Every structure is written in structure tokens, then in C-alpha cells.
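Peer 1: Each chain is listed here by its residues.
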Amino acid sequence: MNGVITWLTDPLNWSGSDGIPGQTLTHLWYSAISLFVACLIAIPLGLAIGHTGRGRFFVVNLAGAARAIPSLGLLYLMVLWLFPKLKGDSAFLVPSLIVLIVLAIPPLMAGAYAGVEGVDPAARDAAKGMGMTGMQVLGKVEVPNALPLILSGFRSATLQVIATATLAAVAGTGGLGRFLIDGQKIRDYPQMAGGALLVAVLALVVDLLLAVVQRYVVSPGLTGRGAGPARGSRRRSPNRNLGNTPLDVDIPSTTRTVDPQTP
Amino acid sequence: MAVDNLSLEAPSGKITVLVGPSGCGKTTSLRMINRMIQPSSGTITLDGRDTGRMKESELRRGIGYVIQHAGLFPHRTVLDNVSTVPRLLGMDKTETRKRSMELLERVGLDPAFAKRYPAQLSGGQQQRVGVARALAADPPVMLMDEPFSAVDPVVREQLQDEFLRLQGDLGKTIIFVTHDIDEAIKLGDQVAVLKVGGHLAQIAAPAYLLSHPVDDFVADFVGRDRGYRALSFQPTPRLPLASERTVSMGERIGGIDADWVLVVDDDNHPLGWVEPARLKGEVRSETLHRGGTVARASGPLRAALDAALSSPSRRGVIVDDTGALVGTVKAHEVLTAIEETSRPELANPDNPGAPAA
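Chains as they are written, first to last, in my numbering: chain A, 1 to 263; chain B, 1 to 357.
Hint data in this document are derived by calculation from the structure and do not stem from the laboratory.
Just so we're clear, the structure is a prediction, and the values are computed from it rather than from any experiment.
We put the beta carbon where it would ideally sit given N, CA and C, even for glycine.
Some clues are possibly wrong.
[Claimed, not checked] Across the chosen pairs, the derived CB separations fall in these ranges:
(1) Pro21(A) / Glu58(B): 52 to 60 Å
(2) Ala32(A) / Glu58(B): 39 to 47 Å
(3) Glu157(B) / Tyr216(A): 36 to 44 Å
(4) Tyr216(A) / Pro21(B): 43 to 51 Å
(5) Gly55(A) / Glu58(B): 46 to 54 Å
Start from the sequences, fold in the hints, and give me the full structure.
Peer 2: Below you can see the structure in the form of C-alpha cells.
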């Protein structure tokens, strides 16, 4: 334990591009790129599935199947497949990023899909009936109401990506995983433990920041933090309880099976 | 097929109610008007224009739409909810705000509600916001799909009364769907009774419907006590009113020689009955019999009869429009008055099944 503290407080470990700040930034950078690409793929797809109600089985099965993918196994597979095709740093980086993207897609897509799917059907019907176009219904009603679940999917994905980005070091790139891998090679246990601790702290700090962001972007009407005292009977929105925690978005058991008769 | 070959006309400025059992296609019919459901054949015209040729979103923006659970947007404040259609139409922001605030007041909501979110309102309040939202762009036509059926009976009655008052001011063309025949009869200028499959069984003014149902289906549907309910449409004629001995709260009534005595407040508004024979001491709030209903002299016969039937003294209390006592009436006197009133004429005596002109 003392060794860990010594390692963490050693000024030598806090300088240079392979020091703690440098590796933390690299770690965050890999995570950010992966999340960005994953969002570009998963969120529009999840919104489209939630909005149209088509392809529900796709999300449900994908979310289940993706949990069964071993990240490390996928990483080796990607390295073996892509290493000969790529040059320089990207030969190490791209396989790692692909693994992280694959990891981030299911929670993001499930969040977007479940969020849109969970919007009060009466609100959606009213929006359409008042003359909103399909895109207006999506943009003005479905997305704002789905935001708590979209964000909790995002937080869930972020936690997983930051934790798993450690693996990138196995493929020979930077990030906080370097301390774990390098530490293991030279049996420097304080360095390994220190690196692990840093990954955990980083994940928690980022999640906390996202929680704050969530608090400000989600409408008070959805979180029950509306202005003025509540009056009369409160109609509970189905999202309210899920709004503030980065739980894995669970798809209600009733929608798990594929019903060919669903319109 | 949910609705097959339905043809009816909703006159401008009037309330047309579609009523029928579940699965009769009333909601489907309503939703075909703003094309939330596409009719497979036939045409629907609005002011002579074929709605099938109009752009869906434009058609809908010109039609007020109120649904059962209000369908308010949970993420928007009440004011923003009401402003939805004017904003879609690109109307001026401050002007819309002003108008939305006025509308909230019109539907009976305190301006303080404007900044609240729907989850903070009761069901009845949400429905008021739903009505205000549908009225926001001042559409000439309103579609209302069971708007009052998800609230409790007391609130429902309030909402219905206010809806009628509002309609009295605004004169919109309204298509109203309900499964509740009492609501249909109370609100409708004309009531269309639908059978399963969207077949029109009868369309007529409420009073006519109650007195001349065309077939067994309509007769069953309008209910067994339709004779009694039809009295809702008969204004009370001049009744032979008896003056009533009254006392006020706190008075001692030991010496009064009467079976029942009516207690009134300082404004002569009736409060309840007391029995002098059984009451020791002074009249107190707890000793009042409040079972009797009170009918307005200008109200329908149904209320006058009910007042007589429900009164513990068997004398129905009649008040004027300010609620002050004018006298009492006995049930048989109301019945005599009923016998003297005329029922709506059958439109075509040779063919009782024909619709009213």
C-alpha cells in the first residue's frame, strides 16, 4: 500500500509525455474518439428504431449479444486482422478503438431506443395531431423526453469505455493501461495498483461531471425538479426513476420477444 | 373494417357528438378527419375543401385536437405546451405568449400554472391545459376524443359545464367522441349514435334521440331511464310554489308547529331541513338534513323533480338564479307540469325510423 502511495506521489511519475498526466490525457483522448464515433453510429440508429418502432429485435438482440463479446479476444482478433493492413501508430491504435466503439454502441443505442420508445404515447399522438412533421415530433418531443435515458446510456458507455481503454495498452498504445502492462512486465506491483486506481478514479470523475451535465440539460419537467410546489396528483413519468443513474438500460421484458404481429 | 361507409355532416359552430359502444369506430372516424388514420375510400371535406388533398401537417395545424389523457409534453412548461401550434405556425413569440396566458385564464387556470410542468398538475388541470393548447391557434374546428373520461365524475362535470360555457363564447365547430351517453346528451347539439363497424344508427338532437330512438340498438344504448333524462331538456314551466316557513341558524324552533322547517342563511339561501319535533335546542350545522337537492326555477324539469324526490320533507326547494329561496314544490305538482309539456314532434310519423330534419 505504501508502495502505491510512493509511486503515486513520485514527481518523476508526474512528468513527461509518458507520465501520469500525459497518459491520462491519452486515455481520455482514446475514450473520447471512441465515444464520438459510437454516438454517431448508435444514437441515430437507436432514435430511428424508437421512432419508427421497426427493428426492435435488432436492438434487443444486439444488446444481449454484445455483452457476450470478450473485449480482449476481440482486440487480439482485430490486431491480427488489421496489423498487416495499417502502418505506423494507427496499426496499434485502430484495433483498440474498434474494440471500444463496439463496446460503446449497445448501451448508447439501447438508451436512445428505450428513451424514444418510452415517450408517453399520448404526447406523441398529440404532437402528430397538432401538425408536427415526423422530424418535428422526433426533435421537439421524443428526443427531449428521451434525454434522461439517452444520457444514462451515454454515461454507461463512458464508464465502460474508460475502464476498457486500459486494454489499448495491450495492443501497444498509450493510456493509463501502460502502467498496468509495464508494471506487470517488470513486476512493479505499486505501479500496477497505482495505474488501476487512476483508471477507477478517472472513470468516477468523468461520470460525476456527466451527472452534473445531465442535471442541467434535462428538462425539470422530467426530473420532478419543476418550479413551484407540486399540486394535485403527480403522474409519474416512466423515466423518472431511471433518470439520474448510469444503470445499464434495461429493455422491458415485454418487448424482449419479437412479435411478428407488432405493426 | 373499423368504419364502413359512414356519412355525416357536422354543422359549423355546433357540437356534434359521436357516441357508441367500444369498438364502434367512433375514434377511428374522428381520427380520419385530421388524417391521423387514412380512410381507404371516400372523402372528408372541411368547408368544402377535400382534406385528402391538403398537406397533412397543415391540415392538422388548422384543427384543434384534444385527446383522452391530454397528451401534454412533459418536458415543456404549461405555457410552452399551450404555445405549441402558434409556434409551429411561426407566429410572433410575445404575441403568442400573451394569447396563451389569456387562454389559460379562459379555461379556468390560474396564471401561476404557466411556469409549472404537466407532472405537477392534476388530471383535470392537465385536461384544461389540453383544451387551451388546442384553442391556441384559434382553429375553427376542434376534434375532441374522450377528453373528459379520464377524470373523476365531479371534475368531469365541472369540465363539461365550463366547456359548454366556453363554446357559448367561441362557437367552434366541434366533433366530440365519447362512450358516455349522458355526456353526449349533455354536450351535443346533435348526437350521432354509431354501431359496431362505424354504421350510423341515428343522428339527431339529444331531446329527439331520447324520445324517438329509431331502433332497439339506439333505445338500449340511450338507456332505460331515458324518460327521466329527457326532462333535462324541458325547461321548468311556472310551478305552483308554496311559501315555506324558514328559520336561520342558531334559532330555537321548539314551538314551531310544522313537520319540517327549512333553514336559510342571511341571504335567504337554503341550507337544509330540520325537524322541530325531534330537535332540542337551537339549530346547529350538525343537525341539518342536507339530503335535498335544490333546483333553479329557470332550470330543467329534471332538477325540479329531483329536488322534490330528494327532499326529506317531500317538498322540493326552488331557488332563483342568485340561489335565493323562492318556494317549494311537491313531486305531484312537478309531474302535473311534466304531463302538460309536449315531447319533441316525431319528424316523420309515417316512418318513425327516419332521422330528424
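Peer 1: A range of 46 to 54 Å was offered for this pair. Does it hold for the Cβ distance of Gly55(A) and Glu58(B)?
Peer 2: Violated, since Gly55(A) and Glu58(B) (Cβ atoms, about 30 Å apart) do not stay within the stated range.
Peer 1: With 39 to 47 Å as the target window, see if Ala32(A) and Glu58(B) comply at their CB atoms.
Peer 2: holds, 43 Å
Peer 1: Looking only at beta-carbon atoms, does the pair Pro21(A), Glu58(B) fall within the given range of 52 to 60 Å?
Peer 2: holds, 58 Å
Peer 1: Does the beta carbon distance between Tyr216(A) and Pro21(B) stay inside 43 to 51 Å, or does it fall outside?
Peer 2: At roughly 50 Å between Cβ atoms, Pro21(B) and Tyr216(A) fall inside 43 to 51 Å, so the hint holds.
Peer 1: CB of Glu157(B) to CB of Tyr216(A), is that within 36 to 44 Å?
Peer 2: Holds - the Cβ-Cβ distance for Glu157(B) and Tyr216(A), about 43 Å, lies within 36 to 44 Å.
Of the numbered hints given earlier, the model fails hint 5 alone.
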